[in-house]
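Chemist: Hints in hand, dock the two standalone chains.
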Amino acid sequence: MDLSFILVQLVSGLTMATLLFLVASGLTLIFGVGNVFNFAHGSFYMLGAYFAFQTVTALQINFWIGLVIASLGAGLLGMCAEFLFLRRIYGRAEEGGFQILLTYSFILVIDDIVKFVWGTEYKSLLRPAGLRGSVELGSITLPSFNVAIIVIGLLVVVVAWLILSRTRPGRIARATALDREMLSAMGVNVPLTMTLVFGIATALGGFAGALAAPLRTVTPGAGIEVIIDSLIVVVIGGMGNFWGAWFGALILGEVMAFAVAIVPEWASVVSYVVMVLTLIFKPEGLFAPRQTRTV
Amino acid sequence: MQEKKSYLSEAFLVALLVAFAVVPLLHPSSYQIMLASHILVWGLFAVAFNMLWGVTGMLSFGQALYFGVGAYAVGLMMKHLGQSWFLPGMAAGLVAAIVLAILVGLLIIRVSGVFFTVLTLAFGQLAWQICFRWYHFTGGDDGIQNLIPPGLLGNRFVYYYFTLVVVVVSIWLLLRLSQSPMGVLLRCVRQNPNRVPFLGLSVRYSQLRVYVISSLFSALAGSLAAGVDNSIHTDMLYWTTSGEVILMSVLGGIGQFFGPFIGAGAIIIIQDYVGAKTEYWSLIIGLVMMVMVLLLPRGVVGEAQALKLWLKSVRRSNGG
Chain A
-3 MDLSFILVQL
7 VSGLTMATLL
17 FLVASGLTLI
27 FGVGNVFNFA
37 HGSFYMLGAY
47 FAFQTVTALQ
57 INFWIGLVIA
67 SLGAGLLGMC
77 AEFLFLRRIY
87 GRAEEGGFQI
97 LLTYSFILVI
107 DDIVKFVWGT
117 EYKSLLRPAG
127 LRGSVELGSI
137 TLPSFNVAII
147 VIGLLVVVVA
157 WLILSRTRPG
167 RIARATALDR
177 EMLSAMGVNV
187 PLTMTLVFGI
197 ATALGGFAGA
207 LAAPLRTVTP
217 GAGIEVIIDS
227 LIVVVIGGMG
237 NFWGAWFGAL
247 ILGEVMAFAV
257 AIVPEWASVV
267 SYVVMVLTLI
277 FKPEGLFAPR
287 QTRTV
Chain B
375 MQEKKSYLSE
385 AFLVALLVAF
395 AVVPLLHPSS
405 YQIMLASHIL
415 VWGLFAVAFN
425 MLWGVTGMLS
435 FGQALYFGVG
445 AYAVGLMMKH
455 LGQSWFLPGM
465 AAGLVAAIVL
475 AILVGLLIIR
485 VSGVFFTVLT
495 LAFGQLAWQI
505 CFRWYHFTGG
515 DDGIQNLIPP
525 GLLGNRFVYY
535 YFTLVVVVVS
545 IWLLLRLSQS
555 PMGVLLRCVR
565 QNPNRVPFLG
575 LSVRYSQLRV
585 YVISSLFSAL
595 AGSLAAGVDN
605 SIHTDMLYWT
615 TSGEVILMSV
625 LGGIGQFFGP
635 FIGAGAIIII
645 QDYVGAKTEY
655 WSLIIGLVMM
665 VMVLLLPRGV
675 VGEAQALKLW
685 LKSVRRSNGG
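As given, the protein sequences belong to chains A and B, one line each in that order. Our numbering puts the first residue of the first sequence at -3, with every later residue one more than the last. Our numbering puts the first residue of the second sequence at 375, with every later residue one more than the last.
Since the hints were made in silico from the structure, they are not lab data.
For each label pair, taking beta carbons as the anchor points, the in silico distance ranges come out as:
hint	chain 1	residue 1	chain 2	residue 2	range
1	A	167	B	384	55 to 65 Å
2	B	614	A	-2	35 to 45 Å
3	B	454	A	61	48 to 58 Å
Note that this is a predicted model, so its numbers are computed, not measured. We put the beta carbon where it would ideally sit given N, CA and C, even for glycine.
Same shape as in the complex, but just chain B (with noise of 0.2 Å):
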């Protein structure tokens, strides 16, 4: 079944990569490849995120700061060491994500539940806080324009095929460590906290473990996104990306793997159609939260598996 099941998993990567690496060449407009690159990052940052949460059972309402610290490593470097540095700027924006996520992590594992959760949500508006009115080094509000990846990067194309790569690369990486015994472990820290201690194991450790490995993701997704859009805005590190976030996971589904990529999609996807005509967006997320939770809490792709489930058991109870 175990065997069976990574198998189905990594088929289903390898779907996605060759899905997406076709979009080019039968879409070849700029927007719709732009469409192709945000469901990818924000993809990434989703499934980056349900590690914490889905897997861990770490509802953190803060991952905008790491996603926010990859683009603005890349975008610093940039404005301020000139176009050349967008590559080290990605590999300043990873070594700063994990030396933040350690630092804050060390303070918030300290507390668990809701307390964590609005810990997370202090940090990341702290940091929100910070590059907002430090104006003339982060540019404040305007944040930071013009970022155009040197070289062959600059090509929409290839830029596009990088983050693919990087993409689905991060991706299996994640779904490894959730298939390793360390991804079992997290899921004990999840369903029973007390149990992890009698193993002989930390129930903080892996949770510092976990928080840092999804930052590391996120500022990766991050840093993906300021080459995509060549901007990035102080936006990106205020709480409702921390909130979007959330929403593509419940929408997928945290109980699966790939369920925050599906959600990231769809709601890319819903955005795209709904949100240029209407400026209430933020009340058409609210009500798809509140119908998630409260009527399909395990997700469009959970409740799809146990609705197959359901009809596999209705139909061996017909045949006898």
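Looking at chain A on its own, in the form it has when it is part of the complex (with noise of 0.2 Å):
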């Protein structure tokens, strides 16, 4: 095992990591702010990355603008789905259940219409023109889609962190998280930032999806293992907490890039195996913060 080897396996790993963040920090985002867990969310990757295949391959148009409409599209299906069902359960009685199965028969529904509208056969989808080549790196070579997909997603990272903490709507967010009744009482909508909310985190899912069409192929199905990898992320990290979903992203983006070199066909177990032991060490995740363990 060279060095060059090891190179090349880390940025590989750092570009799974990005994606799996990018999943992850929606799945995140609407727990922290409005404590709704959304099972489905695996199912709006799923849906950007058929966005961008119909956008890109099938109506030729660019890439890029093919990654705008397939975030735009799952944002706005996602807005729907908060507006039309979910918000139509918050406050019942163990809601956190019933939010799981309700989330749940979407990924049946999305999973059906998928495949009623593109078929179940594979689709791919080509890079966009100017990244299909590759950059070198001293004595490394790797690929300029993948470098791109990193820088975007570190992008990503800091405009959200600084919406966040730094804007108007991004202290409502976190206020939301915090005290929605005295939200209210101070004149902000709260069920419309929910709704909004939403539509942020699916639409962070269907870029997630789009970005990934063209490393991976395209199928029905692929919401539940999306959902699984970004659970087992938001596990290490701690659920709700933006930087943990970073670190935790990371850790497992490298320990799979890792795995597949070395144990390919096994390398799907090893992501549990790296849950499992956070499990055991640290229940609450790694960086989470400490009250969210209750009894």
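Modeler: And the structure:
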């Protein structure tokens, strides 16, 4: 195992981590702000990938425009899902379980709609023009699209963090997480905020799906794999914690990248091992604030 | 009131036993017997699942893990050791389920609420991955076929009555459990976990106990299913199996002991009529789930009881 192998795997892990983070950040955002667990988050990722396929491959539109359309599409559908369905069960006794069941029904419905519209066969997407080659970095060669994903992902992290911590909408979002009643007493339209946050979260999911589409094949049923990976991320990082999700994604991405290179058949099992180890030694997540753990 | 209720539940169980016992006499075709066996097996699975969720408030999305462990214990024993290992396979499945449920349970009861649910899902998918990848041992995606129980059990009728007796006895045990002081404690864990330590009892320990018990009976249902279908498949471990048992419970009603059993029967009969005609089965169950969660969260049995109470109150107020 020489140095360039390790470097290549590190970058490949970083790409994986970026995509994982983009999905997990949406999941963690809506959980942190709205206390909603969106089990169907992976389905919005899948919808993003299909929207990107539709615009880029079928309609021959530029990849970057397709990326924007896919994110907006997933976000709009997310807002509809929140406005039409999820909103109706807020505040019900044992809400958590019913949230999971309702969003589980979204998974089933979205999966079949996708099968109905696009069929069951695998779809693929070309990498955007200009990013099909590779970059030379000293002695190692890296695919330029992977590097672009890492850069875009880092930009999204910084922008999202700046919005959440420095702007008025970000402050409202954080206040929603703390005390909804007080917030509405101060004249903020809380239900609208919830719908918007849900839309942003699902748009992030769709964005990740569209961005990952050229690297992975697009298939129905991708949603559940993605949701489990992002769950492992938030279990490692601590749910509702923005930076925790980032570190969780980084750890899982790197572990997965090396596992794929060293024990390819068992790579998917390795990610669970990381999760189990986290659970044994720090069940509240490595970066969670202390009060997450309840009886 | 309590005594009357217990008497009613046991009467229902006897009625169930009689109704299912006459099925082969009325419809001796293997198809009808298969359908009735499926209802029995999934009914037990759903009732065992509801001990976790409806009674204790722990929504597990990974009970397919134990259903699959039961089935695979039978299948692997018969595949690697021979046909006569059916009953030892069932016993091995139960032991394996207990050991696994204690190990996994100790890890996942450390978190609660949504986290508990997603961890059960993750462990279920881990088991599915292992089973799927370990081709030369488990048969991977091909599953294991030709699992014909040995001797007398190989007879379709005998196996049906064997299933019936095992399922009814198991459900009776679970009913006794839910009516026992421990059942009261488990309800207390759901309704007011902060109070439990005041009674000198442990929330975590109660949760672990019911998790192991539920998993044990899920494994029993899985091992019975192996003999009903004469084959097993990795799908038994897949998360959709966990989802289906949840749907059955929600449809029937999680607040009633027999609700999940009725939900299981309804889903299997609907699947029998509709599932064969459409490739969009998951769309249908998705829509059913949506309607139940949004409009009828108490389930069919629960809503029917609520309706009965409401009618009674209307009649009483009319009568003066």
